[in-house]
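Assemble the whole structure, with the sequences as input and the hints as a guide.
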Amino acid sequence: MPLSPDDVRKVARLARLAIAENEIAPTLDTLNRTLGLIDQMGGMDTAGVEPMAHAQDVSLRLRPDAVTEPDRRDALMANAPAAERGLFLVPKVIE
Amino acid sequence: MSRPNGWEVVIGLETHVQLSTRSKIFSGASTVFGAEPNRQACAVDMALPGVLPVMNAAAVDKAITFGLAIGAHIAPRSIFARKNYFYPDLPKGYQISQFEIPVVQGGTITIQVGEGEKAYAKNVELTRAHLEEDAGKSLHEDFHGMSGIDLNRAGTPLLEIVTEPVMTSSAEAVAYARALHALVMWIGICDGNMQEGSFRCDANVSVRRPGEPLGTRREIKNLNSFRFLQQAIDCEIRWQIEQVEDGHSIQQATVLFDPDSGETRMMRSKEEAHDYRYFPDPDLPPLVIEPARIEQVRATMPELPAAMQARFGADFGLSAYDAAQLTASLGTARYFESVVAAAGAAQAKAAANWVMGEVAARLNREEKSIADSPVSPQQLAGVLARVADSTISNNIARKVFEALWNGEGESADAVIEAQGLKQVTDASAIEPIIDEVLAANPQSVAEFKAGKEKAFNALVGQVMKASRGKASPAQVNELLRKKLGG
Amino acid sequence: MSATVASLAADLAAGKASALELATDALARAQASTLNAFITLDAERTLAEARAADASRAAGKAGPITGIPFAQKDIFCAEGWRTTAGSKMLGDFIAPYDATVVARGKTAGLVTIGRANMDEFAMGSSNENSAFGAVKNPWDTTRVPGGSSGGSAAAVAAGIVPAATGTDTGGSIRQPASFCGITGIKPTYGVVSRYGMIAYASSLDQGGPMARTAQDCALLLNAMAGFDERDATSLQREPEDYTRDLEKPLDGLRVGVPRGWLGDGVSADVRAAVESGLAQLEKLGAKRVEIDLPYSQYAIAAYYVIAPAEASSNLSRYDGVRYGHRAAEYKDLADMYAKSRAEGFGPEVRRRILVGTYVLSAGYYDAYYLKAQQVRRKVAEDFAAAFKVCDVIAGPVAPTVAYKLGEKTADPVQMYLGDVYTTLVNLAGLPALSAPCGFGEGGMPVGLHLVGNYFAEARLLNVAHRLQQVTDHHLKAPGGAA
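Chains as they are written, first to last, in this note's numbering: chain A, 1 to 95; chain B, 96 to 581; chain C, 582 to 1063.
No lab work stands behind these hints: they were computed from the structure. Because the structure is a prediction, the values reported are computed rather than measured. Heads up, the beta-carbon is just placed ideally off N, CA and C, and yes, glycines get one too. Be aware that a few hints might be false.
[Claimed, not checked] Distance ranges between label pairs, derived from CB positions:
hint, chain 1, residue 1, chain 2, residue 2, range
1, A, Asn-32, C, Glu-856, 49 to 55 Å
2, C, Ala-966, B, Gln-391, 37 to 43 Å
3, C, Glu-962, B, Arg-333, 56 to 62 Å
4, A, Ala-78, B, Ala-152, 28 to 34 Å
[Said to hold, decoys possible] Straight-line distance between alpha carbons at most 30 Å, and here's what the computed DSSO-like set of lysine-lysine pairs gives:
hint, chain 1, residue 1, chain 2, residue 2
5, C, Lys-1057, C, Lys-868
6, B, Lys-316, A, Lys-92
7, A, Lys-10, B, Lys-517
8, C, Lys-864, B, Lys-178
9, B, Lys-178, B, Lys-217
10, C, Lys-912, C, Lys-985
11, B, Lys-578, B, Lys-444
12, C, Lys-669, B, Lys-178
13, B, Lys-217, B, Lys-517
14, C, Lys-912, A, Lys-10
15, A, Lys-92, C, Lys-912
16, B, Lys-547, B, Lys-560
17, B, Lys-444, B, Lys-463
18, B, Lys-517, B, Lys-494
19, B, Lys-213, A, Lys-92
20, B, Lys-178, A, Lys-10
21, B, Lys-494, B, Lys-544
22, A, Lys-10, A, Lys-92
23, B, Lys-577, B, Lys-547
24, C, Lys-969, A, Lys-10
25, B, Lys-577, B, Lys-549
26, B, Lys-232, C, Lys-669
27, C, Lys-597, C, Lys-1057
28, B, Lys-232, B, Lys-217
29, A, Lys-10, B, Lys-316
30, C, Lys-669, A, Lys-92
31, B, Lys-549, B, Lys-565
32, C, Lys-985, C, Lys-669
33, C, Lys-912, B, Lys-316
34, B, Lys-565, B, Lys-494
35, C, Lys-868, C, Lys-985
36, B, Lys-560, B, Lys-444
37, B, Lys-213, B, Lys-444
38, B, Lys-232, C, Lys-912
39, C, Lys-864, C, Lys-989
40, A, Lys-92, B, Lys-517
So, in structure tokens, the structure goes:
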């Protein structure tokens, strides 16, 4: 089913991507064509097929519980757009 | 307000238990509480470009421990998924959590609700317990109108423990939360520190008329004390009943409890309906738990409270109440067992009385945990032994305990010796004291002779006092009666 | 021809060249180049690395490739280097840590000449999606070099560097290798660590080497591959020497050619070049067998569900809070997120985020994401069945030679269709390479696509190496385009 302009707005909102009104129509067009490509899967019967989430059939490796990471705060925060007293700053968070 | 008239209350709890691992669930950063902001957030916790999660074995073992403790199914294969949402304290823009297939499935916790005659036991069925990572913290104090983000907590391992909606009052919810709190500390998976956020409850509350289907629930988030849990649920029940009785319908919502106003309010960040877009985390293959790992964990688990209570009853003849008191925490139970081991099973009842009485009272007064008790189980056993062989009276025993508590001696014997507290049983030593007391209290003697038994007790007390407590009370009684010709 | 890793390694070992000389020359070529193959050059860092390599050689600690200059795809975090992933979002991002591939390269003594240009977050097949401008194909500067590892391929093809790193999520090593006439191998998923490699689609991404020859790729892969405890999908295996089977004869090698892969979907020039490559293999003793990969026709659809889905989540961390672009003006937190992300990401990345968000959203998960995972299983089973009757699978890498810059930018879906032979390999997690097998329209190079069973890297490199011993396509260089 093709997307509507409202679907585009909704998905953009979910993805936290600002989208101007004049971008909606072209975006809708490419998304619909991409979904057209994707919809080719519909032609395939996959009933009962076990989904494959990973490229390798391995199980999770477990790491020993040890502290291995030193404090590197200054280096790790060097790229922060806004920081003060060791905190990242963002516009007021309202819970 | 446990059962409001004409209404049924349905409560389910989701509890976030921080697992007491040294390092984080997916990184090697420390989990110690209280560091300066972001000093315990490594590249993985900050979600720098390119970093990847690697699972902590201890978090898995602690989840298995919990599953075994509540008789749950330990999933041989469970899946980590991504829960996608944007929030500044969630650095990756998704939380790694178990969704479709959690590691712990089912299980039961038995709770004791109420006191006295109205007390009853109830089995609370659990839906699941799953592993996930904690988020960071937003600090709302003012930074030029902005919030500060501290990611030290980000990546701390959590076990989210979810009950079925089976509790019917705030009292049941609190009893469950307390039982769970005691259990997770007992089995050593959580430090239980509620002020530091190690144990946080969300309550799902709905009301309905008896026989009707479940009402719409509202979720009260982040209750970090048992008192707030109780208040918040009661307030929410009251509010929901009022709403429905006034003809309004309840909308599903996430709310916060404000203890100051005693009211719940909608969370603004949750106003928008969420679409978390869960999908299996491609960075983390399935968690496979072999039976051998479960048995390894089982072998290291402490005896569980219920089993221990039964054993205390059978082996030591303790009442169910005493057994429950002594197993309130693993530390208390271990202390008690050490006292009995040193003093002998015959002293079990006396040991129980001391542990629940004097020891608990002193610890409580000084806000100490039993692990930090200045009087060791062996020292306490020494005190009990001297009472048992009549070297000292119970009153003197308290003095000896006090002295040991204050570090005035190495052992009960040393204190008794040093302070000359040995009970006097030699009649020739007691009789002169009695004579002195009788001479000094003619009034009491007269009253006793006039038939007032109370006066006798006063005289016994005077004699005990004069002997500085060392005289054997039984012997004083006997000699005094003889002297008074009673 | 330009020097190879093997020939430079011999010169370095014989004392005929120093790492510093090689680096200085390579830097000069990079600076003079107009291909836009590099996003960042940092002469000071490069020369420091070169001096360290020389010092290590002087101390008798040199390994087989110590001192070799190379281009690092700008997707691997390298401490102190600007690491952009081709995005404005990370335009000022200085990585504070080393990717495992970077650390292993340092240990091996490789010298970073610069940070290779790429499609933004590795999303693209033409390198036109880079925030730092398109890369030109050295064979014809009006054409694309392929993508997403377009800067890497162009830098090697132009002789600026003898080698480069790349990453391959749906063909991003093989297709630019094919378009630029070099050799590039995508290893088995889990062989090269993904730690520090900026994620596009985590279950498909795999790093690998790009160079002129299969032998050079083997030498580089020796340095790149290996278990990494920082990557939960890294496979715990004994280290391999990927050069060990290079000289093995191909007698009796069963080369499977999927039915339909050399049909109407592929242009005549590409078909002819691939056929000539296959004929060479037969001359070397290989046997050609027809195989069927019936589900491969659905692979591209499944890929364009799974990759965007994972990407939409992987790219959520770019929110302007801890690093990366933050919008200059916003009214509140939500506005800051939306504007920072809309400004920081280019159109193709935004498109894929939207597609990925949509296919995971409530009500569509089963029809899209789950279905794609089921297709993925069937594709992997197809390959498993095929490898019962053949040892390697061969065919084209892409339906055409490199196309003109701008030719396919108007219609992203047309561009996606160019990935028809490559994405299925990533879905299955198999190793595959592209090796030059001839030239097509406009004198543009064509690559032969070789796909192996899990952990058959040494076998694939062996086949390509034998082919390169009897052909000279890989030795031809574009005329002075660098």
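To see whether the hints hold, each was checked on the structure:
Range check, Asn-32 (chain A) to Glu-856 (chain C): Cβ separation about 38 Å, and the 49 to 55 Å hint is violated. With their beta carbons about 40 Å apart, Ala-966 (chain C) and Gln-391 (chain B) fall inside the hinted range of 37 to 43 Å. At roughly 59 Å, the beta carbons of Glu-962 (chain C) and Arg-333 (chain B) sit within the given window of 56 to 62 Å. Restraint check, Ala-78 (chain A) to Ala-152 (chain B): a C-beta distance of roughly 32 Å satisfies the suggested window 28 to 34 Å.
Among the hinted pairs, Lys-1057 (chain C) with Lys-868 (chain C) is consistent with the structure: their alpha-carbon atoms are about 28 Å apart, no more than 30 Å. Distance restraint check for Lys-316 (chain B) and Lys-92 (chain A): the Cα-Cα separation of roughly 20 Å lies within the 30 Å cut-off, and the hinted pair is therefore satisfied. With a C-alpha separation of about 85 Å, the suggested pair Lys-10 (chain A) and Lys-517 (chain B) falls outside the 30 Å cut-off, and the hint is violated. About 55 Å separates the Cα atoms of Lys-864 (chain C) and Lys-178 (chain B), which puts this hinted pair outside 30 Å; it is violated.
The suggested pairing of Lys-178 (chain B) with Lys-217 (chain B) is violated, with an alpha-carbon distance near 34 Å, which exceeds 30 Å. Using a Cα cut-off of 30 Å, the hinted pair Lys-912 (chain C) and Lys-985 (chain C) is violated, with the two alpha carbons roughly 43 Å apart. The suggested pairing of Lys-578 (chain B) with Lys-444 (chain B) is violated, with an alpha-carbon distance near 36 Å, which exceeds 30 Å. For the hint linking Lys-669 (chain C) to Lys-178 (chain B), the alpha-carbon distance of about 27 Å falls within 30 Å, and the restraint holds.
Distance restraint check for Lys-217 (chain B) and Lys-517 (chain B): the Cα-Cα separation of roughly 50 Å exceeds the 30 Å cut-off, and the hinted pair is therefore not satisfied. This hinted pair checks out: Lys-912 (chain C) and Lys-10 (chain A) have alpha carbons roughly 20 Å apart, not beyond 30 Å. For the given pair, Lys-92 (chain A) sits about 10 Å from Lys-912 (chain C) by alpha-carbon distance, which is consistent with the 30 Å threshold. A threshold of 30 Å between alpha carbons decides the hint, and for Lys-547 (chain B) with Lys-560 (chain B) the separation of about 21 Å falls inside it, so the pair holds.
Between Lys-444 (chain B) and Lys-463 (chain B) the alpha-carbon distance is near 24 Å, which keeps this suggested pair within the 30 Å criterion. Restraint check for Lys-517 (chain B) and Lys-494 (chain B): satisfied, since their Cα atoms lie roughly 12 Å apart, inside the 30 Å limit. In summary, the hint linking Lys-213 (chain B) to Lys-92 (chain A) is not supported, as the alpha carbons are separated by about 49 Å, beyond the 30 Å threshold. Between the alpha carbons of Lys-178 (chain B) and Lys-10 (chain A) the distance comes to roughly 18 Å, so the proposed pair stays at or under 30 Å and holds.
Proposed proximity of Lys-494 (chain B) and Lys-544 (chain B) is contradicted: the alpha carbons are some 34 Å apart, above 30 Å. Straight-line distance between C-alpha atoms of Lys-10 (chain A) and Lys-92 (chain A) comes to about 24 Å, which keeps the hinted pair within the 30 Å bound. Simply put, Lys-577 (chain B) and Lys-547 (chain B) have alpha-carbon atoms about 17 Å apart, close enough for the 30 Å limit, and the pair holds. For the hint linking Lys-969 (chain C) to Lys-10 (chain A), the alpha-carbon distance of about 47 Å lies beyond 30 Å, and the restraint is violated.
For the given pair, Lys-577 (chain B) sits about 17 Å from Lys-549 (chain B) by alpha-carbon distance, which is consistent with the 30 Å threshold. For the hint linking Lys-232 (chain B) to Lys-669 (chain C), the alpha-carbon distance of about 28 Å falls within 30 Å, and the restraint holds. With a CA separation close to 25 Å, the supplied pair Lys-597 (chain C) and Lys-1057 (chain C) stays within the 30 Å bound. In summary, the hint linking Lys-232 (chain B) to Lys-217 (chain B) is not supported, as the alpha carbons are separated by about 36 Å, beyond the 30 Å threshold.
Simply put, Lys-10 (chain A) and Lys-316 (chain B) have alpha-carbon atoms about 27 Å apart, close enough for the 30 Å limit, and the pair holds. Restraint check for Lys-669 (chain C) and Lys-92 (chain A): the C-alpha separation of about 26 Å stays at or below 30 Å, so the hint holds. At roughly 22 Å between alpha-carbon atoms, Lys-549 (chain B) and Lys-565 (chain B) fall within 30 Å of each other, so this suggested pair holds. In summary, the hint linking Lys-985 (chain C) to Lys-669 (chain C) is supported, as the alpha carbons are separated by about 24 Å, within the 30 Å threshold.
Proposed proximity of Lys-912 (chain C) and Lys-316 (chain B) is supported: the alpha carbons are some 28 Å apart, at most 30 Å. Simply put, Lys-565 (chain B) and Lys-494 (chain B) have alpha-carbon atoms about 11 Å apart, close enough for the 30 Å limit, and the pair holds. Restraint check: the Cα-Cα separation between Lys-868 (chain C) and Lys-985 (chain C) comes to about 36 Å, which exceeds 30 Å; the hinted pair is violated. Annotation: proposed proximity of Lys-560 (chain B) to Lys-444 (chain B) holds, straight-line Cα distance about 28 Å (limit 30 Å).
With a C-alpha separation of about 27 Å, the suggested pairing of Lys-213 (chain B) with Lys-444 (chain B) holds against the 30 Å cut-off. Restraint check for Lys-232 (chain B) and Lys-912 (chain C): satisfied, since their Cα atoms lie roughly 22 Å apart, inside the 30 Å limit. For the given pair, Lys-864 (chain C) sits about 38 Å from Lys-989 (chain C) by alpha-carbon distance, which is inconsistent with the 30 Å threshold. Distance hint between Lys-92 (chain A) and Lys-517 (chain B) is unfulfilled; the C-alpha atoms sit about 70 Å from each other, more than 30 Å.
Hint violations for this structure: numbers 1, 7, 8, 9, 10, 11, 13, 19, 21, 24, 28, 35, 39, 40, all remaining hints satisfied.
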